[in-house]
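Residues per chain are reported as follows:
There are 2 protein chains.
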Amino acid sequence: MNEAPARDLPSSERTRVRRVAQRAHYDRATLEAIVDAAHVCHVAFADEQGVHCIPTACWRDGDHLYIHGSNGSRMLKLAAAGAQVCVSITHLDGLVLARSAFNHSMNYRSAMIYGCFEVVPEARQGAVLDVFLEQLAPGRSREARPGNAKELAATTVLRIGFDEVATKVRQGGPKDDEDDLGLPVWAGVLPLGVARGAPIVEAAPDGAPAYVRDWERVVLA
Amino acid sequence: MNEAPARDLPSSERTRVRRVAQRAHYDRATLEAIVDAAHVCHVAFADEQGVHCIPTACWRDGDHLYIHGSNGSRMLKLAAAGAQVCVSITHLDGLVLARSAFNHSMNYRSAMIYGCFEVVPEARQGAVLDVFLEQLAPGRSREARPGNAKELAATTVLRIGFDEVATKVRQGGPKDDEDDLGLPVWAGVLPLGVARGAPIVEAAPDGAPAYVRDWERVVLA
Numbered sequence: 299m300n301e302a303p304a305r306d307l308p309s310s311e312r313t314r315v316r317r318v319a320q321r322a323h324y325d326r327a328t329l330e331a332i333v334d335a336a337h338v339c340h341v342a343f344a345d346e347q348g349v350h351c352i353p354t355a356c357w358r359d360g361d362h363l364y365i366h367g368s369n370g371s372r373m374l375k376l377a378a379a380g381a382q383v384c385v386s387i388t389h390l391d392g393l394v395l396a397r398s399a400f401n402h403s404m405n406y407r408s409a410m411i412y413g414c415f416e417v418v419p420e421a422r423q424g425a426v427l428d429v430f431l432e433q434l435a436p437g438r439s440r441e442a443r444p445g446n447a448k449e450l451a452a453t454t455v456l457r458i459g460f461d462e463v464a465t466k467v468r469q470g471g472p473k474d475d476e477d478d479l480g481l482p483v484w485a486g487v488l489p490l491g492v493a494r495g496a497p498i499v500e501a502a503p504d505g506a507p508a509y510v511r512d513w514e515r516v517v518l519a
Numbered sequence: 299m300n301e302a303p304a305r306d307l308p309s310s311e312r313t314r315v316r317r318v319a320q321r322a323h324y325d326r327a328t329l330e331a332i333v334d335a336a337h338v339c340h341v342a343f344a345d346e347q348g349v350h351c352i353p354t355a356c357w358r359d360g361d362h363l364y365i366h367g368s369n370g371s372r373m374l375k376l377a378a379a380g381a382q383v384c385v386s387i388t389h390l391d392g393l394v395l396a397r398s399a400f401n402h403s404m405n406y407r408s409a410m411i412y413g414c415f416e417v418v419p420e421a422r423q424g425a426v427l428d429v430f431l432e433q434l435a436p437g438r439s440r441e442a443r444p445g446n447a448k449e450l451a452a453t454t455v456l457r458i459g460f461d462e463v464a465t466k467v468r469q470g471g472p473k474d475d476e477d478d479l480g481l482p483v484w485a486g487v488l489p490l491g492v493a494r495g496a497p498i499v500e501a502a503p504d505g506a507p508a509y510v511r512d513w514e515r516v517v518l519a
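Residue numbers (our numbering), protein chains in the order written: chain A, 299 to 519; chain B, 299 to 519.
Simulated from the structure, these hints should not be mistaken for lab results. Computed from a predicted structure; not experimentally measured. The reader is advised that the hints may include incorrect statements.
It does not matter which identical chain is used: a pair holds within one copy or between any two.
Simulated crosslink set (EDC-like; lysine to aspartate or glutamate; CA at most 20 Å straight-line) [unchecked claim]:
{"#": "1", "residue 1": "K448", "residue 2": "D428"}
{"#": "2", "residue 1": "K375", "residue 2": "E311"}
{"#": "3", "residue 1": "K375", "residue 2": "D345"}
{"#": "4", "residue 1": "K448", "residue 2": "D475"}
{"#": "5", "residue 1": "K375", "residue 2": "E420"}
{"#": "6", "residue 1": "K375", "residue 2": "E449"}
{"#": "7", "residue 1": "K375", "residue 2": "E416"}
{"#": "8", "residue 1": "K448", "residue 2": "D474"}
{"#": "9", "residue 1": "K448", "residue 2": "D478"}
{"#": "10", "residue 1": "K473", "residue 2": "E449"}
{"#": "11", "residue 1": "K448", "residue 2": "D477"}
{"#": "12", "residue 1": "K448", "residue 2": "E476"}
Isolated chain A, as found in the complex:
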């Protein structure tokens, strides 16, 4: 099989990957896998003080990436007002140790989303925030006390579509120069992933739900 990779994401001059272009992917499945594995993104935007790069929680629902926060947040106010942004999500999957210093690399999966956020209307906020909570802890949106009118009114929820997106992935072992292959140097990959540690209990009046009992594990790409 030598299928051409899917190219089902809209691209643009801005999202065409130039450096090491064979690592670029323009398909929706790659994008969704990268986004869905993330709890946090970095949002870059500019104001009169210059360029900023702010980490914030994120989640996907269908065709949009969502972020949220206090109405008082500078980033959310600017983004709600239509500021151009670049949202970046990165997973570091390993250190790639080559026989030559120059050919050392890292394995990663990254996504960049360009465009503008739009405001999620207050009437839709509760449902959209429930989706977020369910992704973090399935069932919890029916356990925790729901947001009341005052809490929802203090919260801004924004979403951005996948209209101008690029993803880039490096995986696999080192790419050494032919001349270096015989050198007596250890070569390979030191994998990196996510560790979920033992839950820290503050209160468990009805015992621990499944998402707590099953939390602890190692997640490698």
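Given the coordinates of chain A, work out where chain B should sit on it, guided by the hints.
For chain B alone, kept in the frame of chain A given last:
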């Protein structure tokens, strides 16, 4: 003991944390711990196409954060030419599950560095890149084939000082409203950290060095 926190980092109007300001730290030790735990940062900058947010490998040596890459990189070319940047480093340490949906949170450590990169002269590049390799794998700069003149000439190394920096840290358990403390809802923290997976060997002509043998482990904050 109720010592005032150290404030030994220069701050500015741009780096004064406004949202949840009690999470802000302006001391050098906090900054160094956040930077030294990271292999990757996000660099935000702007050009005629808008704002960009690019992940790249990073390391600290003394008073500077370093990045590097191919001379052909757009980001490195712009940064070398003096573009204003915001560099962001974020570690996600856990999901904080409160009794109310609204008070859910995340534990994290983050740093933002504003300013401009400067170019590391070619004569210093080899030494600076050795520091990077030593931090990833102690001893490896004496094992791997060093960069030759052609490889170093194709590489740009940049550094930025800690002149305009902010860090923000959230740790600990949920902060529930008094009225919610009696609700029958599990409350606590689901910790997140870094998992180092079993090394993937491509070649081990002389066996595995210590940084490979000792690699596999879980690192929690």
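Now the hints, each set against the structure:
no.: 1; hint: K448 to D428; result: within (17 Å within a copy, 55 Å between copies)
no.: 2; hint: K375 to E311; result: between (28 Å within a copy, 18 Å between copies)
no.: 3; hint: K375 to D345; result: within (11 Å within a copy, 23 Å between copies)
no.: 4; hint: K448 to D475; result: between (62 Å within a copy, 13 Å between copies)
no.: 5; hint: K375 to E420; result: within (15 Å within a copy, 43 Å between copies)
no.: 6; hint: K375 to E449; result: within (17 Å within a copy, 45 Å between copies)
no.: 7; hint: K375 to E416; result: within (11 Å within a copy, 32 Å between copies)
no.: 8; hint: K448 to D474; result: between (59 Å within a copy, 15 Å between copies)
no.: 9; hint: K448 to D478; result: between (65 Å within a copy, 15 Å between copies)
no.: 10; hint: K473 to E449; result: between (53 Å within a copy, 15 Å between copies)
no.: 11; hint: K448 to D477; result: between (67 Å within a copy, 15 Å between copies)
no.: 12; hint: K448 to E476; result: between (65 Å within a copy, 16 Å between copies)
Hint compliance for this structure: no hint is broken.
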